[in-house]
Amino acid sequence: MKMDKKKESTNGSWYRNWTNEHQAQIKDLKYTIHLFRQSKLAMGGFLLVLGVVLMSVFAPFLITHDPYSLNLPERGLPPSREHLFGTDSNGMDIYSRCVWGGRIDLSVGFIIVFISTAVGVVVGVTTGYMGGIIDEVFMRITDMFFAIPSLILAMAVSAALGSRSLQTIMFSMLIVSWPGYARLIRGNTLAVREEPYIEAAKSLGASSLYIIFKHVLLNAVAPVLVMATMDLGSIMLLTASLSFIGMGAQPGTPEWGRMIADGRNFMRSSPWMITFPGIFIMISVLGFNLLGDGLRDVLDPRLRR
Amino acid sequence: MSEPLLSVKNLKTYFYTYEGVVKALEGVNFKIDKNQIIGLVGETACGKSVTALSIMGLIQDPGKIIDGEIFFDGVNLLKNSKDEMRQIRGKKIAMIFQEPMTSINPMFTIGNQIAEIIMLHEKVGKKEAMGKALEMLKSVKMSDPEEVLKKYPHEMSGGMRQRAMIAMALSCHPQLLIADEPTTFLDVTVQAQILKLMKELAQEIGASVLMITHDMGVVAQMCDEVNVMYAGLVIESAKTREIFHNPKHPYTTGLMKAVPKIVKTNVKLDSIPGTVPNLITPPSGCRFHPRCSHVMDICKEAIPKAVEITPGHRVSCFLYSRRSDDV
Amino acid sequence: MKLRDYILKRLLLTIPTILGVMSITFVLSHIIPADPIVMWLGGPEAVRLARPEVIARIRDSLHLDDPLWIQYIFYIKAVLQGDLGMSPMTHNPVIVDLIRLLPATIELALISMMIALIIGIVAGVMSATHKDGLADHASRIFSLLGVALPNFWLALILQLVFYYYLGWFPDPGGRMTDLTAWTHPVQRITGFLLIDSVLTLNKVAFFDVAIHTIMPAIVLGYRSVAMITRLTRSSMLEVLKQDYIRTARAGGLKEKVIIYKHALRNALVPTVTTAGMTFSYLLSGSLAVEMVFYWPGIGWYSGQSITMLDYPAIQGVTLVVGIIFVFMNLIVDLLYGVLDPRVRYE
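Chains as they are written, first to last, in the working numbering: chain B, 1 to 305; chain Z, 306 to 632; chain E, 633 to 978.
Since the hints were made in silico from the structure, they are not lab data.
Please note: incorrect hints may appear among the correct ones.
[Claimed, not checked] What the simulated footprint calls covered on chain Z by chain E, stretch by stretch (three residues with Cβ under 8 Å from a Cβ of chain E suffice, anywhere in the stretch; the number is not a length):
#1 339 to 347
#2 404 to 411
#3 421 to 428
[Unchecked claim] Using C-beta positions, here's what the derived DEER-type ranges look like:
#4 B:50 <-> E:770: 22 to 28 Å
#5 B:114 <-> Z:580: 15 to 21 Å
#6 B:110 <-> E:754: 38 to 44 Å
#7 E:774 <-> B:29: 33 to 39 Å
Computed from a prediction, not measured in an experiment: that's the story for all the values here.
Backbone N, C-alpha and C fix where the C-beta goes; we use that ideal spot for every residue, glycine too.
Could you build the full structure based on these sequences and the hints that come with them?
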């Protein structure tokens, strides 16, 4: 009998075995998705985000004109059938630039969130696991970062780096973002470290760092996901703000904040130059905020049955 | 026979929730006379607290009292306006709750909170109210009452907090005190003190007490009469001694058997088989029938009506009568 | 007694944090690509014309050849003495520029904060007590949008609508119209125009300044309104579920008293603590808002510094903003201790 069971697990499809082993987690996931579907806010956010992402991915098929080419004879035109949102002071089609702009802001956001999370995990687990003076130092350093409002700090770092470009602000936003994730993961590590099953696993011979790492990752997925989603919204706003004040995307780049800055001088005569990019910013950030809020409510252990 | 102080007749309270209608009270009947301490016992979720809240007029959405009468001092409380009920609460009927830590506002001092109620109902100024609050704290035998006036709830022990709650409740000398499991979260030694205090104070003020509890020991110590509740209905009521020595309803009998008696040491601890019913889809007829060892066909069809089998001892069970609400 | 200890403890804790802020600006000042000598002298031309001994003396006084940690100590010393370097843009010491411009920003931030708190708390309470009603849904939508709107964009749109199209508000240029500034100048007592014009009974100037302040305050503050409303709403909802509210009802207290005294008092605690975070948004927001409204504060100053790549100015602003923020958090912490009796008696 025992032999048969063993045979089954090595000969059966790996997918089925994996699913069988993780029954509890799968049921949990299904329940999460169900709760998520029920929350109107979360679904709304999800749809908005999906819309923005799809728009950016399929941008090459959605645009009507080249978002980068100058076309001076057609500058300053109001919205029309040919130019859905009108043209800006260089004759470039605003609609195409708005659609293309999604690529810029989204990619900046995702890159920063991914790297911040990665750095945050490494630093957070290390300092949480080691504790002691390393942890103290870490906490003081992150305190310093939190003491200055993000926009100001990002601005200062960008200025210090000298050049004004998207890459520069990306780096400075990275610097501003990572402490949040590191602290979150550190908190998780500290909690997991005290759990009784760590002792149990250790007594069975597993390496404690590996166990902690695995459990922290499992545990942290939910709050990190929430943080990352809301962060994406904040980063998009930061990018737009920094570009607006002149730090980030340079004139000509179809970044939404930059477009507003470029169109500012003509806003009296041609208000469409600033209206549409702003709407795109608002909808994207709103989407991520709603999604983040919805996720947070759904994943909150207190609210689950 | 003078008029009872409180007379609850056929009280029905339902909760209209997302999952369905919870029929929490399905026709509760009992009465309290002046200067009496009456017990209301039953398992958790049998409707004891809901009964208390219904009397106080504190049932909120999604709950609703859909039928019945609650006569207090000659007036049907259910016909009162919100404002009229508000004036009765704290002044004529007062209530204390089981968790003293969370039941007192952490932002204000004890003195402040007691004085507030006094000022509201007795229409006196702050200084006078504080003076009365001090008197109240002395009468609940609070140590160092002047200091306590200025203390916050988190600075006091559980026993002290419960005394403070009692002081707050009795500050305006109500005619009825409803105590919802007041000693559950207290140490055993403190429990006895608090119960003794409540009994003495009630006598002093001339108030009646509705003692809600699941602990038969408390009943034995405090109550003149007991009402036993199960799944939203009072199924038996009698003098305390009667209930202990002569329980009639199968549920009450089961309850008595499950209480460990120190005297008899070699009796097995029985437990009543089955679990508390779901009140959204309660059992048909008598709600206890699925767990009853004496169940008969009629029990599944109708809810038995209460009959007085001996003076002062009422039971709702088809073992003792053929009468039901529907007959 | 305990309250005083709490205050003292919090005050002492700010010192390492401020040190931390200074460390960050120090690090930043050493990353910048510009040559400190060039910056100090005011331009590459001046460097070329200067004699080698002069340059050597400057190097010495700036401690450029000393090890890093010595430079750090001198940097801290200089900052504590108020020396934040020279701004090549304005040719003033940075500290002088900042002192001149700071009051305008603080005034704007404080007014926005006050508006935000009043509107936010009232809206939050209304929302919570009339849950799922029309007002509740409206304020929730407003809050959600408010957090997603870029403030500079809102500023421009409002300008378009209220100035250019409707003509209700004056030219978005600074704090007073030039004519009024000339005919009814405000005597500088505190540096806060609104207060000064009241103190000197300068009615005309007061109204002019007030009219110019409304729009920037709304734009700067709306994000805070959104956050405070949301937070107050959720705190109130939490608080109203608590046992002590039930006790208050059982005592026969009036509903209004229960909401505005018992419940609100408890709900305010988390709101106040988040007010500190809102201030961070006010400070950051002032960057763009001052630029758009030509408001003569440090936000506008930063904007100019960025365009001209005036490094000392940018660092000076970062340092000052950081310090203000630390103090704001300190005040919030202290308020927390005053409001919540449980905190003091740890």
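Here is how each hint holds up against the structure:
Under a criterion of three residues with beta carbons nearer than 8 Å to beta carbons of chain E, the stated coverage of the region 339 to 347 of chain Z fails, only 0 such residues being counted. Coverage of the region 404 to 411 of chain Z by chain E holds [criterion: at least 3 residues with CB-CB distance below 8 Å; count 6]. With a threshold of 8 Å between beta carbons, the proposed coverage of the region 421 to 428 of chain Z by chain E holds, since 4 of its residues qualify and at least three are required. Taking the beta carbon of each, residue 50 of chain B and residue 770 of chain E are about 26 Å apart, inside 22 to 28 Å as hinted.
The given range of 15 to 21 Å is broken by residue 114 of chain B and residue 580 of chain Z, whose C-beta atoms sit roughly 51 Å from each other. Checked against the hint of 38 to 44 Å, the pair residue 110 of chain B and residue 754 of chain E passes, with Cβ atoms roughly 39 Å apart. Checking the proposed 33 to 39 Å range against residue 774 of chain E and residue 29 of chain B shows it holds: the Cβ atoms sit about 34 Å from each other.
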